[in-house]
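Student: Each protein sequence line maps, in turn, to chains G and Z. So that you can map any letter, position 218 of the first sequence is 218 in the numbering used here, and since no number is skipped, the others follow by simple counting. So that you can map any letter, position 159 of the second sequence is 159 in the numbering used here, and since no number is skipped, the others follow by simple counting.
These are calculated hints, taken from the structure and not from any lab test.
Simulated restraints, written as ranges between beta carbons of each label pair:
#  : chain 1 : residue 1 : chain 2 : residue 2 : range
1  : G       : Arg126    : Z       : Gln173    : 21 to 31 Å
2  : Z       : Thr211    : G       : Ile230    : 50 to 60 Å
3  : Z       : Ala238    : G       : Val157    : 37 to 47 Å
4  : G       : Pro66     : Z       : Thr211    : 24 to 34 Å
5  : G       : His47     : Z       : His104    : 22 to 32 Å
6  : G       : Arg39     : Z       : Gly149    : 41 to 51 Å
7  : Z       : His48     : G       : His47     : 28 to 38 Å
8  : Z       : Asp164    : G       : Gly176    : 21 to 31 Å
9  : G       : Ile230    : Z       : Glu162    : 34 to 44 Å
10 : G       : Ala166    : Z       : Asp164    : 25 to 35 Å
11 : G       : Ala146    : Z       : Met62     : 13 to 23 Å
12 : Z       : Met62     : G       : Ala166    : 35 to 45 Å
Note that the structure is predicted; figures quoted are calculated from it, not measured. Built from N, CA and C at the ideal position, the CB exists for glycine as well.
Protein chains: 2
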Amino acid sequence: MDWLAGLDAYFAAMIRCIGFDADDTLWHNESIFARAQERYRQLLARHHPPAEVDRALFATEMRNLPLYGYGVKGFLLSSIETAIDLTGGKISAAEIREIIATGHEMLAHPVDLLPDVAATLPTLSRDYRLLLITKGDLQHQERKIAASGLGAHFHAVEILSEKDGATYERILQRHGLSPAEFAMVGNSLKSDILPVLALGGAGVHVPYHITWQHEHVEAAPDDQPRFRRIERFAELPAALTGL
Amino acid sequence: MDWLAGLDAYFAAMIRCIGFDADDTLWHNESIFARAQERYRQLLARHHPPAEVDRALFATEMRNLPLYGYGVKGFLLSSIETAIDLTGGKISAAEIREIIATGHEMLAHPVDLLPDVAATLPTLSRDYRLLLITKGDLQHQERKIAASGLGAHFHAVEILSEKDGATYERILQRHGLSPAEFAMVGNSLKSDILPVLALGGAGVHVPYHITWQHEHVEAAPDDQPRFRRIERFAELPAALTGL
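Pulled out of the complex, with its shape left as it was, chain G reads as follows:
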């Protein structure tokens, strides 16, 4: 009977569904924020050194996060607030207009897919049920999904205000999945990988070259059997076998 129990465990652990993060996993995002923040540093350069601007902006963003949530609109409001603080109220209306204009460019920015994404998703959708699981601004995320042209590969799209154990549990339940059948793919260890591993799911980390300070995690869970790290999206089908 031992081999039957083994077979049972084998099938029970087979991945049926893959969740994908969107920003910096399927398409570029943090690079757009990085360019906006560089313009912001230049705008305030005559008042403060860049490191001080970064520190103050991040502190404002973290203070406002419970009120604003994630996304460009909250980033803009925190940028305006920080600029007023850092200049002692001397920032001009024209400069604030420039911050808002940068924000409009961010919101209207074309969706640039990451390499191999467009070719890999159709292959995976033949063998797995695919979910898009992203956090941030509802309107902006929906527009990016539409603009990406990837929507048809996904069984469902879940846009969350936060990605943690409770929200992943709710999504698994809604889709009738056990953690054993689920793998999450994303660039953030903190939001995409660690909460899913903690539930008993699998996680595939695809690092992006920039990580927002808020998503930073010291150590990768390299000792976890259901964790993989890949360098390129094209390695994903192979990484999923055996998870």
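Since the structure of chain G is already known, use the hints to place chain Z on it.
Tutor: Same frame as chain G, now just chain Z:
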């Protein structure tokens, strides 16, 4: 066989599920925006008469709606942009700070339930499956639902970027409902009632004393057999029988 067909039609049309709008249906919302807009008019009073301020702000909001979507953060960003325009750049940083401070008060405002809501929902949840269907800012709507204490009465919460025929259709499908089995309750004819009636569902309009200009609709669908209007939330259980 005629009476059997009649019985069939009778049961097919029985409401099984009620969707509720949230802002200005379950709790006060537009009154919070109205107070913020009054402060905004005063802030700009030395530059422009109130009607001109209102007109300019609404025009900015409508222009930015495809980028920002609904909610307080977009309202704030449009308010700042309009204030810069209307003052020819002469608005001070301190005044922009005041606009942001008003926004923080709006986002942190306690949830004030409308009369009879707290007593009526538990009764309805015994006979119907209840859904909360709201549009706007994900983070803010979730915090208001949590603060309302009403969450437990709802089978599911759906936060949308827009409420139209396509989004209602998706929700009915997700919950395995036919339009005949569904009634939507809300204060906005445009967002809550007309798209649901067009699908073949039922609609109960509970007017709020203020309607945002964007939600304004000229004529109520009084000739539609599956439409009701009530003055108080307590009239809802009676209004639903026969729909």
